[in-house]
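**Student:** Going down the list, the sequences are from chains A and B. First residue of the first sequence: 1097, per this note's numbering; consecutive thereafter. First residue of the second sequence: 1097, per this note's numbering; consecutive thereafter.
It should be emphasised that the hints constitute simulated quantities derived from the structure, not laboratory data. Mixed in with the good hints there might be a few duds.
Just so you know, same-sequence chains aren't split out, so a pair can sit in one copy or run between any two.
Said to hold, decoys possible - When the alpha-carbon atoms are kept at most 30 Å apart in a straight line, the in silico DSS-like pairs for lysine-lysine are as follows:
#1 K1378 to K1194
#2 K1489 to K1194
#3 K1378 to K1328
#4 K1194 to K1479
#5 K1198 to K1374
#6 K1209 to K1473
#7 K1414 to K1473
#8 K1498 to K1275
#9 K1279 to K1510
#10 K1414 to K1209
#11 K1194 to K1498
#12 K1101 to K1414
If you're wondering where the values come from, they're calculated on a predicted model, not measured in any experiment.
2 protein chains.
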Amino acid sequence: MSKLKFKVVPGSVVAPQGFLASGVFCDIKRLGTGKGSNKGQKRDLALIVSEVPAIVAGMFTTNQICAAPVKVCAERVQAGTAQAIVVNSGNANACNGKRGMKDALAMTALVAKQLHIPDEHILVGSTGRIGVTLPMANVREGILAGAQLLGNEVACADEAVEAIMTSDTRPKQIAIEFKLGGKTVRIGGICKGAGMIQPGMSATGARPAALPQGLHATMLCFITTDAAIEAKALHACLQEAVANSFNRITVDGDMSTNDTVLVLANGLAGNAEVRSQKSGVKTFQAALNHVTLELAKMIVRDGEGVHRVVTVRVAGAKTIQEADAAARAVANSALVKTSWHGGDPNWGRIIDALGYSAATVVEDRVDIGYSAPGSRKILWSLKCGQPTKATFKELCTAAAPKEFDLHIRLNLGKADALMYAADLTEAYVDYNKGDVTDPTTLGG
Amino acid sequence: MSKLKFKVVPGSVVAPQGFLASGVFCDIKRLGTGKGSNKGQKRDLALIVSEVPAIVAGMFTTNQICAAPVKVCAERVQAGTAQAIVVNSGNANACNGKRGMKDALAMTALVAKQLHIPDEHILVGSTGRIGVTLPMANVREGILAGAQLLGNEVACADEAVEAIMTSDTRPKQIAIEFKLGGKTVRIGGICKGAGMIQPGMSATGARPAALPQGLHATMLCFITTDAAIEAKALHACLQEAVANSFNRITVDGDMSTNDTVLVLANGLAGNAEVRSQKSGVKTFQAALNHVTLELAKMIVRDGEGVHRVVTVRVAGAKTIQEADAAARAVANSALVKTSWHGGDPNWGRIIDALGYSAATVVEDRVDIGYSAPGSRKILWSLKCGQPTKATFKELCTAAAPKEFDLHIRLNLGKADALMYAADLTEAYVDYNKGDVTDPTTLGG
């Protein structure tokens, strides 16, 4: 992987040339209980618009139960062109039957009318509680207001990212600048996550033969770039970027009905069009990888109730599939995750999870160790299935930081995999149990 | 399934004729930290002995990482005869390499010497922290004391069951009496569970082709009976009983390294020997099913931090495997489990979990509903993928009891499966995170 340096710039999705955004409050979070008004008045509807038609690529949840907006997007991105994205939080518009599809299409039609863009070039996203129909009068107001407030100031991007948050405690956004064929190019992105997070996305939403063992709170990510890139190359770059970022994170092991990543490339940077297997594609890929990985890590760090972030690095598995299975088993084990929360360097729970995973594991081959994030200086707690001379105190110190890497070597083959994982805390439970006497506290 | 009535009798494992038990404290829970003495002085070593050699059958964890005592038992039960079981809590004797195997064998040899029973007729079980070697001097003292204290009084069984508990808050035991071929026969059992609980056991410990997606705190179960039964029939009955009880429970989705079920049948009831496909086998099977299911349910009810117990009943799946996958996905979803904790009848999280499971699910076919345990009076929250007219308040009432059934109909085929599941609570997290400054608080 190339070690290019990217300059970070402000403005996330409006940092690239020719992109506008807005975020407004229109009181979407209602649960049909008579109560349910969004007390905090947090923005809940975002628009992201390119001034010119853009090349588009998307990746979508492989959950068999998928929301209406996902279905709309998965179909529309096939054509390869889009110009605007409308997103609401507070309601997933999932499992709402024909009404849900009608509402999702009504959202795009409203945006099309306001912005004088062909309806088929509008994409839509939703996140929030499943099975509650959208308050369309509010959504309509929100779209009208949002269309008026579109701008390319940093504040506009800030308002857009606020509007897609649900249980997120902080906005997640980034923009970078780099040179591509002598031109200055930017990529910006916003995303939201927090819970129902173990995405397993494909380009069509169709299930792959080997299922990712997904987790969930919906993740949504919207990326803009002024790079000129052909549709096929953009699609391939997004696949690789997502495979190494969003599809490698887990907060709670639940794959959402709404996971969506969309990227719009409007070409206004004026670079020579990036094409598959041509020189520019590696640079663009590296830049896109950087953006998606940074955003993906933000999702884990801000996962519901998360106190510690652990990168689980499995090496030496027999196959990639086995490496992945081993990493996911550890990353999703309730007992491993609670031990991380307690700062307990409990390798017993880790080797136990490896043992029941779909990966081949041989007890006296397993090594387990700790390092600082990205460091190669590993403190081994287990070598060949046996405790090392590292003391309990030393191991506790290694497992104490807010972020660390967990190294697992199966020593049976050459396949590697990693997962960006999180601990399981009382705060996660408390948040997700909600309070049925106040349904506005109930999550996705 | 036959609806025989069984008379409950006291004494669990000593209720059948010719069985003795004891439970002693010998301070096993040490973590090599200088601290670690078992402050509560809870008993931690149990003996269960038949006065005469007994027919034996066993089922063991299919985790690839399995403890030394499991390896010893899996081999010894093949011979079909055993006479005594020695069990310690506070230390799993797992992942201790050659030392672990040596210690497990030393335990059986000590018992053999004390009781004048052939070593190969002694079985051994352990539960507790993984990767800590047994304090064998203490174990030796415990075995010597336990051998002296063997008795067939109810108090002896009570002491044995206390000695196998770890994070269990209450003892789990049962004994029943029934008629078999004109003779009075008894079956008694004790078990422990609490965390690292999603057993996936097979008779040899070998992994089945289709892996159960296991959870964990070790479960151990020891069953005694004075029925006369041939080894082959006992083995078959145990397989069926475990498949419908212990292999259908989950607390936290982690399959332990130590899960073990052993049954000793000493024949002292004097019934005509039960044989496969002969008349008595159905009665014996029904009685054994009753014992294992009652014990399995006790494990879920007393799971770590468990507040609510939910029986997940999936019907109408395409295949048994898919029904099982659907039930396990729902039963192990962090978001579903936290919603149960909150009393939130959130069908969105349930259908989401179904959608990412390995089962085929079609949104507009799915029905989801609630009933009292075992009742056919179901309050449907979802029919054909759409919310019913049941109010939020009505659904909250249905999801409020300490125990309820969750009914899921996929309406795609004829296969059914169920799982006995539990909610996920702050108390589970708090217990399992432990306190590294006091390693005696650290669990398995």
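**Student:** Does each hint fit the structure? Answer for all of them.
**Tutor:** Now the hints, each set against the structure:
1. K1378 to K1194: The answer is neither: 43 Å in one copy and 51 Å across copies each exceed 30 Å.
2. K1489 to K1194: between (59 Å within a copy, 25 Å between copies)
3. K1378 to K1328: Within. Shortest intra-copy distance 14 Å satisfies the 30 Å Cα cut-off; inter-copy 64 Å does not.
4. K1194 to K1479: This pair counts as between: shortest inter-copy Cα distance 15 Å, intra-copy 57 Å.
5. K1198 to K1374: neither (42 Å within a copy, 62 Å between copies)
6. K1209 to K1473: neither (58 Å within a copy, 50 Å between copies)
7. K1414 to K1473: Classified as within: same-chain Cα gap 25 Å, cross-chain 50 Å, threshold 30 Å.
8. K1498 to K1275: neither (34 Å within a copy, 61 Å between copies)
9. K1279 to K1510: Classified as neither: same-chain Cα gap 40 Å, cross-chain 62 Å, threshold 30 Å.
10. K1414 to K1209: This pair counts as neither: shortest intra-copy Cα distance 55 Å, inter-copy 45 Å.
11. K1194 to K1498: Intra 45 Å, inter 36 Å, cutoff 30 Å: neither.
12. K1101 to K1414: Neither: 34 Å inside a chain and 52 Å across chains, both beyond 30 Å.
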